[in-house]
Amino acid sequence: MRSFKELQKVLINQKENYPTLRVALLGDSATQFLSVALRALALENGYLIDLFESDYDQVERQCLDLSSDLYEFKADYVIICQSTQKLLANYNQRGLEDQVNLANDRVDFVKTISQSIHSKLVYFNYPEIDDCIFGSFANSVEASFLYQVRSLNHELMDLSRLTPNLFICDLASVQNKIGRDFLFSPSLNATSGMVYSLDAIPLVMSRALDIILALQGRLKKCLILDLDNTLWGGVIGDDGIENIQIGQGRGIGKAFTELQEWARKLKDRGILLAVCSKNTESIAREPFEKHPDMVLKLEDFSVFVANWDNKADNIRRIQQTLNIGFESMVFLDDNPFERNIVRENLPSVTVPELPNDPSNYLEYLYSLNVFETASFSKEDVNRTRLYQVEAQRVSQKNSFTNEDEFLASLNMQSEVKPFDRFTFARVAQLTQRSNQFNLRTKRYSESDIEKLSRDHENYHGLTFTLSDKFGSNGLISVIILNKQDNSTLFIDTWLLSCRVLKRGMENFTINTLVDYAVKNGYSKIVGEYIATAKNEMVSTHYEDLGFTRIASGKNILYELSIETYKERVTYIISEKPL
Amino acid sequence: MKKENVLSALQEIFRDILNNELILLSEETNSNDVEGWDSLTNIMLVVTIENHFGIKFLSSEILGWKSVSDMCDSILMKL
Numbered sequence: 001m002r003s004f005k006e007l008q009k010v011l012i013n014q015k016e017n018y019p020t021l022r023v024a025l026l027g028d029s030a031t032q033f034l035s036v037a038l039r040a041l042a043l044e045n046g047y048l049i050d051l052f053e054s055d056y057d058q059v060e061r062q063c064l065d066l067s068s069d070l071y072e073f074k075a076d077y078v079i080i081c082q083s084t085q086k087l088l089a090n091y092n093q094r095g096l097e098d099q100v101n102l103a104n105d106r107v108d109f110v111k112t113i114s115q116s117i118h119s120k121l122v123y124f125n126y127p128e129i130d131d132c133i134f135g136s137f138a139n140s141v142e143a144s145f146l147y148q149v150r151s152l153n154h155e156l157m158d159l160s161r162l163t164p165n166l167f168i169c170d171l172a173s174v175q176n177k178i179g180r181d182f183l184f185s186p187s188l189n190a191t192s193g194m195v196y197s198l199d200a201i202p203l204v205m206s207r208a209l210d211i212i213l214a215l216q217g218r219l220k221k222c223l224i225l226d227l228d229n230t231l232w233g234g235v236i237g238d239d240g241i242e243n244i245q246i247g248q249g250r251g252i253g254k255a256f257t258e259l260q261e262w263a264r265k266l267k268d269r270g271i272l273l274a275v276c277s278k279n280t281e282s283i284a285r286e287p288f289e290k291h292p293d294m295v296l297k298l299e300d301f302s303v304f305v306a307n308w309d310n311k312a313d314n315i316r317r318i319q320q321t322l323n324i325g326f327e328s329m330v331f332l333d334d335n336p337f338e339r340n341i342v343r344e345n346l347p348s349v350t351v352p353e354l355p356n357d358p359s360n361y362l363e364y365l366y367s368l369n370v371f372e373t374a375s376f377s378k379e380d381v382n383r384t385r386l387y388q389v390e391a392q393r394v395s396q397k398n399s400f401t402n403e404d405e406f407l408a409s410l411n412m413q414s415e416v417k418p419f420d421r422f423t424f425a426r427v428a429q430l431t432q433r434s435n436q437f438n439l440r441t442k443r444y445s446e447s448d449i450e451k452l453s454r455d456h457e458n459y460h461g462l463t464f465t466l467s468d469k470f471g472s473n474g475l476i477s478v479i480i481l482n483k484q485d486n487s488t489l490f491i492d493t494w495l496l497s498c499r500v501l502k503r504g505m506e507n508f509t510i511n512t513l514v515d516y517a518v519k520n521g522y523s524k525i526v527g528e529y530i531a532t533a534k535n536e537m538v539s540t541h542y543e544d545l546g547f548t549r550i551a552s553g554k555n556i557l558y559e560l561s562i563e564t565y566k567e568r569v570t571y572i573i574s575e576k577p578l
Numbered sequence: 001m002k003k004e005n006v007l008s009a010l011q012e013i014f015r016d017i018l019n020n021e022l023i024l025l026s027e028e029t030n031s032n033d034v035e036g037w038d039s040l041t042n043i044m045l046v047v048t049i050e051n052h053f054g055i056k057f058l059s060s061e062i063l064g065w066k067s068v069s070d071m072c073d074s075i076l077m078k079l
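Chains L and H, in that order, give the protein sequences. Each step along the first sequence adds one to the number in our numbering, with nothing skipped, and position 210 is 210. Each step along the second sequence adds one to the number in our numbering, with nothing skipped, and position 4 is 4.
Think of the hints as simulated: they come from the structure by calculation, not from any bench. Where is the CB? At the ideal position from N, CA and C, for every residue including glycine. Relax, there's no trap hidden among the hints.
Pair by pair, the computed Cβ-Cβ distance ranges are: (1) H:Asn-30 x L:Asp-199: 25 to 33 Å; (2) H:Asn-51 x L:Asp-268: 42 to 50 Å; (3) H:Asn-51 x L:Glu-281: 50 to 58 Å; (4) H:Asn-51 x L:Lys-15: 29 to 37 Å; (5) L:His-118 x H:Ser-60: 44 to 52 Å; (6) L:Asp-420 x H:Glu-50: 57 to 65 Å; (7) H:Leu-22 x L:Asp-268: 55 to 63 Å; (8) L:Asn-176 x H:Ser-60: 25 to 33 Å; (9) H:Asn-30 x L:Asn-45: 33 to 41 Å; (10) L:Asp-131 x H:Gly-64: 24 to 32 Å; (11) L:Glu-363 x H:Asn-51: 19 to 27 Å; (12) L:Lys-9 x H:Glu-27: 23 to 31 Å; (13) H:Asn-51 x L:Thr-20: 29 to 37 Å.
Per the computed footprint, the stretches of chain H lying under chain L, defined by three or more beta-carbons under 8 Å from a beta-carbon of chain L, are: (14) 29-43; (15) 59-70.
Using the sequences plus the hints, can you model the full thing?
Right, here's the structure in full:
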C-alpha cells in the first residue's frame, strides 16, 4: 500500500479526461485526510472524484434532514465513516439501563438513512474496542460495550442483506488484520480529532474504494495459477508425482492445500480458474488426475495451459478463450521472473508479489482484498461450468464449414421475460459487470432495477436466457426500454454476456423488440451508442441491425422505423411467446 | 546534536511536506509565518518529524508548541 504522502503527490497530476464519480464523504471525526486518500486512490484507478464533504461531525444532521446539502448534492455514492471511538463516547454517556440499546439505536439510524439516501451507501462497520470493564466476562453481559459492538456489526450484516443499496465496508476485518495499535492513533485523536493513524489511512480508504470500483463493474473475474511451487511444493517434472508437497505429511504440503482450498472457494463463488504453467502438459495434468491429496481437480479449471511458451503469450491465449478483459485477471506465480514478464507485457493484469515462503501466501493474499464484489447470485456458482460448455462449443464449431449450419445445429432456445424478483439481482449484476457488449454501460443497483420494474408507465425491462443442446447459459442478456413518447421507444440498456457472442442473439433480440413495439403501438425504436474504453465491439451494432444514424448534437443516436422493418434471420426459438 | 542541526533538518521536512523550496525556518518562526502550515499539515509534519528522528512526542508537547524553537527543544530533549 502506498503511503499517505505518496498518495498526496498523485493528486498533483490530475487527469482531465477521466470519468467523474460524485461521492459524499461524511464522518464523525476529521475526514480531510480520508478524502485526500480517496481522491488519489480513485485517480490511480482511472476516476476523478467530485467530492462533497460536510463540516466536522455532521453525519446525523446531513443524513436525517432531507433538505440538507447532502441530498442537494445527489451523490452516486455516500460514504459514512462513524468511528468506534465516537460510539464508545456515546455509550459512556448512557445510563446503565440504556447501554443495552446502543447497537439497536445505531442500526435503526443506518436503516433510516439507507432508505432516505437513494445513492449507494458505503457504511463502515465498527472495529472492536474492549473497554475492559468486564474483561472476558463482557461476553456474558449484554450491556457491555464489547457485546454491543459485536451485536452491531452482526446486525449491520443482517441489514445489508435486506437493503440492496447498503454496502458495508468491513473496517473491523481490516483492524483484525493490521491491529488496533496500527489503525488507531490515540495521540492524533487527542490533538486533532483524527481517529486513524496516517499510515493506516490509505488502507482504510482503499477498502471503501474497492466497493465503489466493484459497483462500477471493475472487478476480478479470473484467477490464473502457476503450478510448481505455487499450487504444490516442488517441481513435478523433476520430483515426480509421489514427491510433490501437497496435503499432510510431506514438507509444507499443508500450506499448498490451504491455497488450493482458497482457490476452490473462489471458483465456487464464480471466479474462473485457469492454469498457466511451464511444463509438459501431460505431466502437469497428472497430479490433478492421480494425486489423492489434490483439492483442485481438472474440472475446476476453465482453461488449462501448460507448455514452454512465455507466460505473457499464454495469458493472452487464456484471455482469448474466456473473452474477458486483462484487468479482470489475477496471476499467481512464485517466480519473480515470470511475474515481471507478465507485468511488463500485460500491465492490466494484477500480479501479486507473493512472499518467498509459501506458508505466507494466504495471509498475504488476504491483505490485498483483490476479489471484492458487489453481488452474489446463483449464476456465479455455475459460471465455471458455463465456460467449459463454451469451450466444447468452440471445438464443435471447428467441424462445421458453414456458420449458419453450425448455429442451426445448436437447437438454441431463449426465454424472454419481464424483470421479476427472481432476476433483479442477476440483472443488476450484469449491468455492473458487462463492459464489452454494452451499448450505454449504464450501471444499476438491485434497488434501481426493482424500482424501475414497478414503473410500468415508463419502463419495460426484459431478460433473455439462452440454452442449446450442450446446456443452458442462463440469463445472458438484458434490455431496458424507456418510453420517450407515444410513438418512440428508447433503448436505455442493451447488454449481452460475452460468452454467447456470435450466436445471432442480436437478431433474435431486435425481432423481439420490434414485436413488442408493434403490440404497443410504437412507430420507431431509438438506440444510442456511448463509447467507452471497452465497448468498441458494438460501435456499429445499430447500423448492423438496420438502424439509421440520426444527428443529435454530441450523442450518437440511431433510429429504426417499425413500418419498414423486415424480420431478421435467427436460429433461436422463443421458448415461450412474449 | 545542536539546535541548529535540528533546525536545518526541520527546514528540509517543512519544504518537503508543504511542497515549497523557499521556506526558511528560524527559531522564532510560527505557524502564521509559513503559508500552508495549518492544523492538517501539522499532523503530517509531526508524523514525519517523529519518523525522521525516531522519537514520539507527547500530545501535550504538540499542543504546547508556540514556535519552531519549541519544536526543536522537544526534539533535543529526546535525542
